[in-house]
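Enquirer: Sequence:
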Amino acid sequence: MRTFDFKEYGRVIVMHLRKGDPVLESITEGLKEKQVKNAVLLSGIGSFRKLSLHGIKACSDTPSDYYYTLEAPVELGCLQGIVLDGVPHLHAVCSTPDGKTYVGHLEPGCEAQFLVELSFLEVPDMKLTRRLDEFGIGYIDVL
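Numbering (my numbering) for the sequence shown: 1 to 143.
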C-alpha cells in the first residue's frame, strides 16, 4: 500500500451536462478547458439515456473485464472518482425503473438524459499519474 498527502486545494469546478451530452467526453473536455490536471470528484448525480460501464469478471492475475451498454432510462445515484494528470477515473452506481442496479467503471458513450450535475475539487499539488504494473493494471504513482 502507498499513501500520498496533499495540502493545496484549488477551485471547485461545477459542471452541468444537458440532455444528449456525452458524459465522460464532456467531463474530460470541461476539465481540459479549465486546465484542471488533478482533482477529486465531490459529487455526481443525474440521469442517463445511455449507460456504458465495465467491471471485472474474474479474479485472475491479468485483467478480465465485462462491458455493457444499456439504452434505457437510468438514474445516476452516485458518480465518484479522481482525475490524475487530466484523465478521469470514475465509477457509477445507477438504477433503472425495473429496480435493477448497475455499478462499474464509466466508459465513453454514456449520454445524459435530462441532466448530469458534477462538482470537482482541484488539487494542484497532487502530482500523480497512473502506470501499468506487471499485471497490466494502472496503479497510482508520483509523476
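In case anyone wonders, no lab produced these hints; they're calculated from the structure.
Among the hints, erroneous ones may be present.
[Unchecked claim] Subject to a maximum C-alpha distance of 25 Å in a straight line, what follows is the list of computed BS3-like cross-link-like pairs (lysine-lysine):
#1 Lys19 - Lys50
#2 Lys50 - Lys100
#3 Lys127 - Lys7
#4 Lys7 - Lys37
As the structure is a prediction and not an experimental result, all values here were calculated from the model.
Enquirer: Against each hint, give a clear statement of whether it holds in the structure.
Expert: Outcome of the hint check:
{"no.": "1", "hint": "Lys19 - Lys50", "in the structure": "holds, 11 Å"}
{"no.": "2", "hint": "Lys50 - Lys100", "in the structure": "holds, 15 Å"}
{"no.": "3", "hint": "Lys127 - Lys7", "in the structure": "holds, 12 Å"}
{"no.": "4", "hint": "Lys7 - Lys37", "in the structure": "holds, 16 Å"}
Every hint, counting from the list given before, is met by this structure.
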